[in-house]
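Asker: Letter by letter, the chains look like this.
2 protein chains.
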Amino acid sequence: MWKPESLDPENWDDMRKLVHQAVDDSLDYLESIRDRAVWQPAGEDVLQQLKTRAPLEPQGARRAYDDFVSLIRPYQLGNSHPRFWGWYLGGGTVIGALGEFLAAMENSSVAGGNHIGVHVEKQVLDWCRQMVGFPDEASGVLVSGASIGNIIALAVARHVMSEVDVRAHGVAGLARPVAFYTSVEAHSSVQRALELLGLGSCCLRKVRVTERYAIDTDELQQMIDRDRAADVHPWGVIGTAGTTNTGAVDDLATLAAICRKEKMWFHVDGAIGAIVALSSAHRHVVRGMEEADSLTMDLHKWMQVPFEAGCVFVKRRADHRDTFTTTPEYLERHERGISAGDFWLSDYGPQLSRGFRALKIWLSIKEQGTARYARLVDRCMSLAQQFSIRLGETAELKLLAPVVLNIVCFRYDPGGMSPDALNELNRELVMRLQESGVAVPSYTTLDGRFCMRVAFANHRTRAEDLDIFVDAALKLGEKLSRFGRTAE
Amino acid sequence: MWKPESLDPENWDDMRKLVHQAVDDSLDYLESIRDRAVWQPAGEDVLQQLKTRAPLEPQGARRAYDDFVSLIRPYQLGNSHPRFWGWYLGGGTVIGALGEFLAAMENSSVAGGNHIGVHVEKQVLDWCRQMVGFPDEASGVLVSGASIGNIIALAVARHVMSEVDVRAHGVAGLARPVAFYTSVEAHSSVQRALELLGLGSCCLRKVRVTERYAIDTDELQQMIDRDRAADVHPWGVIGTAGTTNTGAVDDLATLAAICRKEKMWFHVDGAIGAIVALSSAHRHVVRGMEEADSLTMDLHKWMQVPFEAGCVFVKRRADHRDTFTTTPEYLERHERGISAGDFWLSDYGPQLSRGFRALKIWLSIKEQGTARYARLVDRCMSLAQQFSIRLGETAELKLLAPVVLNIVCFRYDPGGMSPDALNELNRELVMRLQESGVAVPSYTTLDGRFCMRVAFANHRTRAEDLDIFVDAALKLGEKLSRFGRTAE
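Those protein sequences? They're chains A and B, same order as listed.
If you want our numbering, it's the 1-based position in the first sequence plus 134.
If you want our numbering, it's the 1-based position in the second sequence plus 134.
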């Protein structure tokens, strides 16, 4: 029978063979990832080959895949590797990837309506909410990550704290200036969120931190008092459970108490650290988080769900829904058919088209169980402690910040070098380590001191990887500092 | 050798078998999708089985997959089916799903830096930009869909049109009220975007439409004049290339001319229709789109890329970047290592964690070629025309709106019924058709008339599917109206 052209395979058997081969190649690649360089950049030749005009006529799936194998796979970021400790990324899992495939093959969009994707997302949100100790009545929605989660949470805060209807009248109608407070170590997405919401970065007060890089709560209280005296309306505090730089955790219980007293919104950015609540050994570190009015967490970080996967919770469902819905509650869709159901996820955030990202999370939690995630948290925190002990056993590698979670900041310091020379040495050392393919640390600057930074958020990392890294860092550091000294 | 616990498979061979089986099951399912009901809701028993506590200990990948097969796969939305014509969704493709799998197995986050994901996204954006006729100097970024794309575009408009630095001072510092204009048929995400941006829905003027459901440009000009006279600052016009209700396309060339004359921002929401520019036979319909200052398009709709996939383009790169970046241009990252490179995608939108969604798009365009997408556009538009002709051949099915693109609005009207009874009949008819599993039309209301609505955006739809639908609609309509008449 003649079939009109579609985008389906002309030959299903060929496509089937190709997908099976791609699966085998990918599993081979991941199973043997330890034997490979963590990261290698694509050369000019590869980039030139990549840069082509869009083909006019079909090239076929086989050719597209072959190009992926030669031009793309070897030059990816590398965060599935056990010694990728830069930035703060998870390592991914096979079942997570399978979840993406299965979701895309059916291709549901999960805005709402009467189909299983809505129920699966609801279930996944319930599971995550319980993991982080948020109450039953809280609402939530899956998002691409904490940047969008923070926007949603702060939009709800704006909606609740405003004396005017901001959805109708905008923030131009506010009678007084408003203020949000967060520490200087908070993630840049907090400021970006307030900018997007039309409040402006001027309303963000950046509070100094203690020597543990956590928000100085005395200073916070004084800033609130000063603002009130100046007729500024203090709207909210953004606490951080796990800063990007050092993994510091704010004193969330004290922040909760301040917000309660001052009648302010309390948001916790738990992109990194919310999941610590799952560990009975360590949940005391994030105590107070459960008192927040809103909370973001990332599942593509410590929980290893493939990108993108995050969620945001709001303590009172009505606050959350009223901020975004365009359907009054009394007009909720109760009909039969695909539009039935009174829980529309698009009522809880800015997206209408929404992929079925709940599936990879649902499969992951079922495969692994929550206790295994708790053990993973404990193990990564233990690796960070072991690593800092290992640093202490060397003469040259010096710890620069307290290790609270799974992030360690340190530098190579052979002694006798100027601050500038030390910064320069460590800058070169990070680059050389990344270029060597042995490991990917990243870097930050603490009190003017450039330092290396490793975040143990990869489930594949083992104790032996720490030794490999320390040996390489010592060897390279020695070589660079010898060269540096003779060159001076 | 003893291996510490990770989230990797304990037995890679078992996992390999499972993934291969899942691939076969999925391909079998998709290849035979015509033989299946388009949609069936999950019963209470399924929902009860789904509703469980998160497992504490690992259940294993096999059990998680088996639960997917029995509890999830059969009850998804169904938009991969050739007779799913509700809402406006693409059907997905095998290579798109493979792209999701491959991206997740490596698990890159594509915020920026020196890795191939950044280059692939850049390439994909170039291809899409060329498809819709936007100039070389335009910037772009992949997004989850047009709702987020519209937020980004209108954030840029706000940044450019404001006389104060809105990022620093917020919109409270604006000297005068501002206004955006769009038609009453525009997508709800336009209003939601302005609400999120703190401008408030009060600044959105909804302009009436012509009998073709396109914006009335005379009325628009008068509203702008009235606003200027009232000291309101007209900031921008949002034109629509393909409305959700009827597929109407605004007169974009006239909107462009008005915006040029009035020095206003011109944004086009091309979620549905931007891709029509690819068809030499039909690109005249969206003429003027290329003159826009910003443009959103969805790739998970007519281009069949699995959810989520959309993009937004901005004519002047600096406008786009200045709206979102937190890094001044002179401080751009030029170092070596993973952070190198001066093109950071996170500088062009609110996300920092960003999945490698470019891969599925890259693979798709390479597999299919742009000419095939053009033929798909032509074929879907032709199906819509054939369908409206087919309606004309029946006595009872009446067309309710002009067919401009691939959307047809119509209703069953056997004659002699009151407006209310007709609405009721058609409401019941849509539900029955969905419940029958034969097809999924959706519905809308045009000038108080409830009607059925089909959107031919699925690449699997064939001419024979139209006959199957019309036969079922006539049979069910006849049955319902007979019952209705006897019951009256």
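What the hints contain is simulated information worked out from the structure, not anything from laboratory work.
Where hints are given, some of them may not hold.
Each pair may be met inside one copy or between any two copies, as identical chains are not told apart.
[Said to hold, decoys possible] In silico BS3-like cross-links for lysine-lysine, where the CA-CA straight-line distance does not exceed 30 Å: (1) Lys256 - Lys185; (2) Lys609 - Lys137; (3) Lys613 - Lys397; (4) Lys449 - Lys395; (5) Lys449 - Lys185; (6) Lys613 - Lys340; (7) Lys609 - Lys340; (8) Lys397 - Lys532; (9) Lys397 - Lys609; (10) Lys532 - Lys395; (11) Lys340 - Lys395; (12) Lys137 - Lys397; (13) Lys449 - Lys151.
Asker: Find the hints from earlier in the document that the structure breaks and name them by number, from lowest to highest.
Answerer: 3, 6, 7, 8, 9, 10, 12 and 13
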